[in-house]
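Participant: If you read the first sequence in numbering that gives the first Met the number 0, its first letter stands for residue 0, the second for the next number, and so on.
Keep in mind that a hint or two might mislead.
Claimed, not checked - Capping the alpha-carbon separation at 25 Å, the derived lysine-lysine pairs in BS3-like fashion look like this:
#1 K183 <-> K215
#2 K842 <-> K107
#3 K794 <-> K824
#4 K311 <-> K183
#5 K807 <-> K856
#6 K328 <-> K215
#7 K183 <-> K277
#8 K30 <-> K545
#9 K215 <-> K192
#10 K609 <-> K173
#11 K807 <-> K833
#12 K607 <-> K90
#13 K807 <-> K842
#14 K328 <-> K297
#15 K833 <-> K32
#16 K90 <-> K410
Hints in this document: simulated from the structure, not taken from any laboratory.
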Amino acid sequence: MKAYNPHEIEPRLQAQWAASGIDAVREDAGKPKKYVLEMFPYPSGDIHMGHVSNYTYGDVVARFSRMQGFDVLHPMGWDAFGLPAENAAIKRNSHPAKWTYANIETQKASFKRMGFSYDWDRTVVACDPEYYHWGQWIFLKFWERGLVERRNSPVNWCPDCATVLANEQVIEGKCWRCHSEVEKRPLTQWYLKITDYAQELLDDLDQLDGWPERVKQQQANWIGRSEGAEVTFTLCDAEGNVPAEPSADELLTVFTTRADTLFGCSFFLLAPESTILKGLVEGTEYEEAVMKVVEDAKKITAVERAQGSKEKHGAFTGRYVVNPINGEKVPVWVADYIVADYGTGAVMAVPCGDQRDFEFAKKYDLPIVPIIMGEDDPLFEQLKDEQGRVVTSVDWEEAMVAEGRLVQSGKYTGLMGGKHSEGEAAIVADLEAAGRGTRKVEFRLRDWLISRQRYWGNPIPAIHCPECGVVPVPEEDLPVLLPEDIDLAAGETLATHEGFAACTCPKCGAAARRETDTMDTFTCSSWYYMRYTDPHNAEAPFDPAKANRWMPVDQYIGGIEHAILHLLYSRFFTKVLRDCGMLDFDEPFTNLLCQGMVLDAKGEVMSKSKGNVVSPEEMIAEYGADAVRTAMLFMGPPDKEKLWNEDGLAGMYKFLNRVWRQVNDLACKAGEDTLFEPGATKDEVQAAAKLLNRERHRVVGKATADIERNNFNTALAAIMELSNAAGAFLRKAPAEKRANCELCGPICADVADTLVKLMAPIAPHFADELWQAVLGHEDSVHEQAWPTFDPEQAKSDEIELAVQVNGKVKAKITVAADAPEDEVKACGLAAVEKAVEGLDVKKVVYVAGRLVNIVAK
RNA sequence: GGGGGCGUGGCGGAAUUGGCAGACGCAGCGGACUUAAAAUCCGCCUCUUCGGAAUGUGGGUUCGAGUCCCACCGCCCCUACCA
């Protein structure tokens with residue numbers, strides 16, 4: 000027998016597969032399709048264990064699906080634009096493309112060494128002009144549909160990356176990539192109007208049965224739908240007189256989900272960024288204090304806002320507004336806890352019911368009017384019938400957020416308060432009738448800021464003409480190519496690169512300037528999975544017929560860190576392209592698997608600074624790719640975090656060696672060498688063969704079901720059980736005895752074939768070598784049909800049942816598998832005679848195939 | 001503050017709808033083989049006063065709970081002044 004030698008087998012089979020084109024997609028096979036996709040990597044350098052786990056899961060699904068008779072699309076590419084390449088180029092005085100393509104080659108070689116079955120003819124590299132061309136084209140389609148806007152507003156600025164960031168890319172006030180503190184800066188930037196799709200993005204989460212609940216929940220929270228109303232207050236003078244016909248400037252609108260608390264509004268708040276603020280206080284004695292709050296708010300970074308000091312700051316503007324529900328005059332303040340770009344940037348403050356307003360009222364000694372309380376509140380009895388103001392301020396420790404009834408609330412007194420309450424409905428209805436309010440739905444989701452002030456990205460196809468304004472680059476002029484001759488190390492940018500920036504207006508022909516911002520790399524990753532369906536199309540991003548054949552992705556696999564960013568943007572792109580008539584489905588990813596992190600043996604994140612990084616290449620060099628794959632799969636459920644332990648890898652290497660010997664032994668003819676000693680009689684061998692056959696059918700059933708639900712660890716455990724059964728059989732049945740047994744020949748061949756096929760998606764080189772060289776087949780194991788099983792043959796003639804008395808196991812009985820219920824019960828009772836002695840048997844419960852429970856007192 | 005998840009041997013983890021807790025593996029221990037070691041094969045491997053007890057703690061529902069319900073303790077992830 001030849002020993003298992005992964006280092007000889009793996010490169011040889013990889014070459015054989017590449018030569019035979021076994022991993023290429025067969026578009027015309029007439030089979031059902033399956034699109035198996037793993038999130039494409041950023042070409043950051045060598046691959047790490049996270050890549051190994053992610054892509055191993057995908058490869059198992061792809062190979063398994065092929066054996067199950069699907070026409071499988073399983074592609075790979077690179078998310079190749081982005082800052083690290085640019086930084087590396089500056090450091091080495093080189094070009095980002097050089098670093099990027101070198102890293103792609105390194106990673107590609109590693110992926111090939113891992114035996115991943117990608118169709119390498121379909122590779123998509125985001126920084127290739129033939130790909131980013133179509134990213135620009137899609138941008139123009141968005142523009143045509145009114146989904147592109149330029150806006151001047153305060154944006155998130157990362158000083159280290161020297162560029163702006165989308166809201167989604169600011170994590171706890173820090174840059175998602177470099178973790179620097181993010182600043183707010185007013186800039187004119189490009190936006191994609193994802194908010195136009197907010198409602199659909201929220202609603203369609205319900206369609207995504209194949210997505211983890213937590214991802215859907217995170218997206219729903221991020222979209223953040225709130226039902227409420229806009230309520231209009233009117234500026235008034237110090238006596239509370241409002242102008243007869245107030246101008247637009249004098250009408251101040253707030254968004255609230257709690258219109259029921261309008262009677263508790265004792266002051267009115269504006270965000271520091273509010274554009275009307277200056278006009279309100281200019282030249283007054285309040286100007287200095289108000290502007291100080293405005294200036295201080297700019298200095299407080301988002302980090303400080305997010306963590307630490309929740310200390311609120313504000314100042315009185317000297318102005319008042321009239322509350323539309325009761326005509327009461329309330330003071331207008333500026334407050335730094337009001338978010339400028341949510342709702343209207345103005346808030347009606349109700350300190351009795353809102354903790355933030357409560358804290359502000361306490362600090363600045365503003366009235367806290369109780370208007371909502373539970374019936375058990377001591378104040379309730381006193382106030383329950385009061386329509387006017389009896390108590391105008393209370394001495395509470397914190398705001399009362401309990402559900403309760405409205406008090407001191409005019410004609411609404413006595414109604415239930417709360418979100419979506421009868422009180423809220425009644426007040427909004429009256430405001431609407433009076434023209435002072437409207438129903439409104441607000442979303443937390445902001446439009447997607449996509450412009451970046453960096454070189455290594457997809458250029459925004461726009462031209463600034465002094466005459467025509469901002470003009471789209473005509474489709475036929477695409478792609479806008481990134482200039483290759485740029486000296487980043489010397490500080491050159493697209494904006495200072497005259498060859499790039501200088502151009503003529505496509506409309507009027509005048510000298511014009513090209514837009515020099517590039518697109519967020521997340522635009523590249525929002526549609527790459529569609530390009531895979533038609534990767535070489537030079538006329539369009541993809542042929543709709545091809546995209547509609549392959550899409551949606553049947554199984555998408557990637558990290559949980561993309562729960563919001565990439566997955567939300569991709570859903571958005573899909574819906575827009577559908578509305579362009581290019582796609583006939585609503586959601587891009589039917590089933591989503593979010594893999595858990597790979598940590599070191601102590602459960603810590605692997606990082607270079609900690610020095611605990613495990614190198615996949617070293618593991619492959621020692622044990623071979625198949626053992627690395629097997630160990631990764633066996634470590635636990637794919638969506639949980641995994642503690643990488645090299646002992647486990649050594650164990651899997653031993654397991655592969657054992658199966659190797661078993662398959663060799665099962666295949667060997669009488670007279671050949673066998674590892675096992677002779678020992679058993681023919682009857683014993685036959686009984687063992689029967690047992691092995693049963694195990695073979697049971698295990699195929701279990702392994703198939705487990706792989707189908709991505710439980711690779713338990714599928715592998717089942718395969719180990721078949722291996723254990725094969726081992727037990729081989730001990731009983733040495734080759735010369737098997738040769739004389741008509742039962743043994745077929746079962747040995749069947750189990751050998753089955754073991755090899757079951758291992759094929761997991762350890763592809765190992766299985767194919769056994770299949771071809773040891774079992775003597777002409778073709779590849781990866782072209783075989785997945786083994787089927789017969790549930791009847793998986794059953795045993797006799798079953799062992801537990802016999803419980805009052806739920807405690809007292810005995811075990813063995814009965815025929817088809818024994819009638821009465822017989823089993825009687826048998827169970829007999830087995831526990833002693834335990835129920837002197838007790839009154841009330842009931843006997845029989846759970847078929849499981850247990851008998853005797854209820855006795 | 002809000003949202004989601006988790007808690008099972010020395011370790012990683014099993015346990016479709018409530019039905020024999022600890023599958024499978026790692027580590028460990030003992031044995032066989034060997035001059036010896038490695039490799040390989042076999043066996044043991046939660047605790048126990050041998051009645052039982054045990055899935056973070058305490059209650060509940062049920063013939064029966066790791067699984068369902070309530071309260072508490074602990075841990076992890078996401079998110080955050082969103083009116």
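Participant: It remains to establish, for every hint, whether it holds in the given structure.
Facilitator: Consistency of the hints with the structure:
| no. | hint | in the structure |
| --- | --- | --- |
| 1 | K183 <-> K215 | violated (29 Å) |
| 2 | K842 <-> K107 | violated (66 Å) |
| 3 | K794 <-> K824 | holds (21 Å) |
| 4 | K311 <-> K183 | holds (19 Å) |
| 5 | K807 <-> K856 | holds (13 Å) |
| 6 | K328 <-> K215 | violated (44 Å) |
| 7 | K183 <-> K277 | holds (19 Å) |
| 8 | K30 <-> K545 | holds (15 Å) |
| 9 | K215 <-> K192 | holds (21 Å) |
| 10 | K609 <-> K173 | holds (22 Å) |
| 11 | K807 <-> K833 | holds (14 Å) |
| 12 | K607 <-> K90 | holds (19 Å) |
| 13 | K807 <-> K842 | holds (15 Å) |
| 14 | K328 <-> K297 | violated (30 Å) |
| 15 | K833 <-> K32 | violated (61 Å) |
| 16 | K90 <-> K410 | violated (71 Å) |
Of the numbered hints given earlier, the model fails hints 1, 2, 6, 14, 15, 16; all others are met.
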